[in-house]
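There are 2 protein chains.
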Amino acid sequence: MASNEFDLIAQYFERQAVNRSDVPLAIGDDCALLEVPVGSQLAVSTDSLVAGTHFLADADPVRVAHKALASNLSDLAAMGATPAWVSLALTMPEPDEPWLAKFCEGFFALAEYYNVQLVGGDTTKGPLSITLTVHGFVPQGQALTRYGASSGDWIYVTGNLGDSAAGLAVLLGQAELEDKQLAETLVERHFMAQPRVLTGQALRKVASAALDISDGLVSDLGHILKRSGLAAVIEVDKLPLSPELKAFEPLQDKALQLALTSGEEYELCFTVPEQNRGAVETALAHTGVSATCVGQLRPGSGITLLRDGNPLDWQLQGYDHFAE
Amino acid sequence: MASNEFDLIAQYFERQAVNRSDVPLAIGDDCALLEVPVGSQLAVSTDSLVAGTHFLADADPVRVAHKALASNLSDLAAMGATPAWVSLALTMPEPDEPWLAKFCEGFFALAEYYNVQLVGGDTTKGPLSITLTVHGFVPQGQALTRYGASSGDWIYVTGNLGDSAAGLAVLLGQAELEDKQLAETLVERHFMAQPRVLTGQALRKVASAALDISDGLVSDLGHILKRSGLAAVIEVDKLPLSPELKAFEPLQDKALQLALTSGEEYELCFTVPEQNRGAVETALAHTGVSATCVGQLRPGSGITLLRDGNPLDWQLQGYDHFAE
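Protein chains in written order, with full-length UniProt numbering: chain W, 1 to 324; chain B, 1 to 324.
Hints may be right or wrong, so weigh each one.
Any copy, or any two copies together, can satisfy a pair, since identical chains are not distinguished.
[Said to hold, decoys possible] Straight-line C-alpha distance at most 25 angstroms; calculated SDA-like pairs for lysine to any residue:
| hint | residue 1 | residue 2 |
| --- | --- | --- |
| 1 | Lys226 | Gly28 |
| 2 | Lys226 | Ile27 |
| 3 | Lys125 | Pro95 |
| 4 | Lys125 | Leu316 |
| 5 | Lys238 | Glu178 |
| 6 | Lys238 | Gln140 |
| 7 | Lys125 | Ala57 |
None of these hints come from the bench; they were simulated from the model.
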């Protein structure tokens with residue numbers, strides 16, 4: 001067994017298929033040297049996944065790696081950025097080669113799919129956790145931010161909502177499902193979300209604001225409202241639910257509440273001015289991802305939930321790591 | 001007490017004095033948006049500090065923050081890069097405001113000194129650890145790497161070596177010092193090393209290779225030798241020792257061995273071709289940092305330690321987190 005951290009790094013992290021021309025110097029020096037295309041801004045995001053907080057210590061390393069990288073790429077997607085590079089800080093109690101091999105399998109599979117090169121990082125001893133910093137490019141002035149929305153803009157979400165929370169409930173033993181195939185599908189959705197990278201890029205000139213749903217729709221939409229000084233109306237009947245979620249939670253209210261609060265969906269929530277509504281479908285046609293209009297921005301503050309035009313008084317909370 | 005991670009972030013990390021013009025969008029969106037100067041390469045480095053591995057959980061947060069940022073800036077220094085931005089991933093068991101306040105004090109003091117802007121990060125619940133990713137600029141083709149050295153080049157180190165290990169020994173109770181002032185000075189050196197940022201920049205056109213001493217001179221110099229396919233001779237009598245180290249460890253052999261193996265020094269080790277030797281002093285004059293020639297590169301492999309021209313058979317080991 002490799003007992004030296006440098007050997008570990010060399011052995012597992014220097015073997016990658018991606019070799020970008022904008023990386024003159026990658027792993028193995030004090031810094032990576034990188035080249036940003038002229039006319040592009042650099043988009044950078046950092047996320048940590050901690051064992052016991054974001055995943056169970058005995059979770060499949062392939063899935064953990066996918067989730068870690070997918071959640072970071074999702075932040076690039078939400079800016080409309082094209083992924084390029086990633087740094088990995090991996091802390092583990094001991095050099096566990098079988099774990100590392102599987103982690104690399106999940107990590108590099110997703111990295112290669114998006115042509116993302118691992119350019120550096122750190123391997124340290126301690127409680128299991130993963131911190132990634134992803135870098136991408138966005139043409140000057142075209143980034144999707146949280147503050148560009150206006151009253152009257154329509155609120156869209158990609159894909160379906162709620163599956164991740166349902167999968168987590170199965171994983172934590174909070175829900176017993178007789179249909180084992182359904183249970184496994186939902187757990188898979190929880191871990192193996194696909195970042196909406198192409199969708200984000202396609203929305204650059206269509207959406208007025210965007211973010212990814214990592215803490216739950218109502219919680220995340222709140223960031224756009226706060227940044228833009230606006231209120232929102234969500235028509236809950238329009239929320240896109242998967243057949244699996246409906247089978248998991250046949251009580252419609254609970255399925256909709258899951259859709260409103262489920263974190264780690266890594267779908268995009270974005271706003272579209274009236275004049276761009278017709279462009280949404282065209283823009284997304286080549287991405288294979290659906291988008292559903294679920295509401296509208298209004299003057300004021302806060303989120304109103306409507307069903308058949310009538311307000312609902314559901315008490316919902318977004319996910320908060322430090323909440324009691 | 002703020003119990004919500006977003007409040008915590010807003011409260012402590014959005015209050016910084018540095019506000020760079022190359023940061024169109026910093027904390028508060030899915031990504032930061034950043035602009036690299038045309039003609040510059042981006043230098044990026046990631047380092048983690050884990051409680052129990054790199055610092056004691058009850059260590060002064062001001063010092064922990066300084067050490068975390070200084071060690072990262074030291075990687076930029078070793079490339080000859082000018083620091084610009086940093087991302088911070090902070091994992092802590094609970095939102096500890098007094099700890100955060102002190103951490104920010106140490107962090108922003110050093111960040112402001114080098115005009116480094118905190119542009120993003122993540123705050124998560126879990127065992128205490130800090131992962132930083134620093135970004136800097138270096139003019140195209142002028143970065144100092146580990147692989148540019150040639151046989152005959154002279155080996156230099158900045159400052160003094162060994163103080164950090166001596167300070168750590170005091171901190172861990174492995175050394176009892178009657179002189180409390182001396183003990184405190186050494187502990188301070190362990191935590192409050194100054195990254196050699198200006199020195200690294202000044203060496204861009206002088207040094208053939210460079211790195212920072214984070215694992216001990218013999219261990220780190222080994223990286224240059226490996227990358228360059230060379231051997232080295234170190235004349236141990238030339239190693240620069242502080243008066244404090246000599247007072248701490250009056251046995252000369254032990255002081256020299258500390259100087260050869262002390263990690264987390266964050267001094268630079270660099271190599272200089274014969275024709276550039278005269279330029280070293282001039283280049284460093286404005287930086288206030290001394291440099292000492294301690295040896296020379298030779299054909300072959302490995303490191304030979306000489307005293308008065310005679311080989312020493314000291315068995316030394318660099319610091320390795322996973323070593324038994």
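For each hint, the structure was consulted:
1. Lys226 x Gly28: This pair counts as between: shortest inter-copy Cα distance 11 angstroms, intra-copy 43 angstroms.
2. Lys226 x Ile27: Classified as between; 14 angstroms across copies, 40 angstroms inside a copy.
3. Lys125 x Pro95: both (8 angstroms within a copy, 23 angstroms between copies)
4. Lys125 x Leu316: between (39 angstroms within a copy, 22 angstroms between copies)
5. Lys238 x Glu178: neither (29 angstroms within a copy, 74 angstroms between copies)
6. Lys238 x Gln140: Neither. Shortest intra-copy (35 angstroms) and inter-copy (52 angstroms) distances fail the 25 angstroms Cα cut-off.
7. Lys125 x Ala57: Both ways: Lys125 and Ala57 sit 15 angstroms apart in one copy and 15 angstroms across, limit 25 angstroms.
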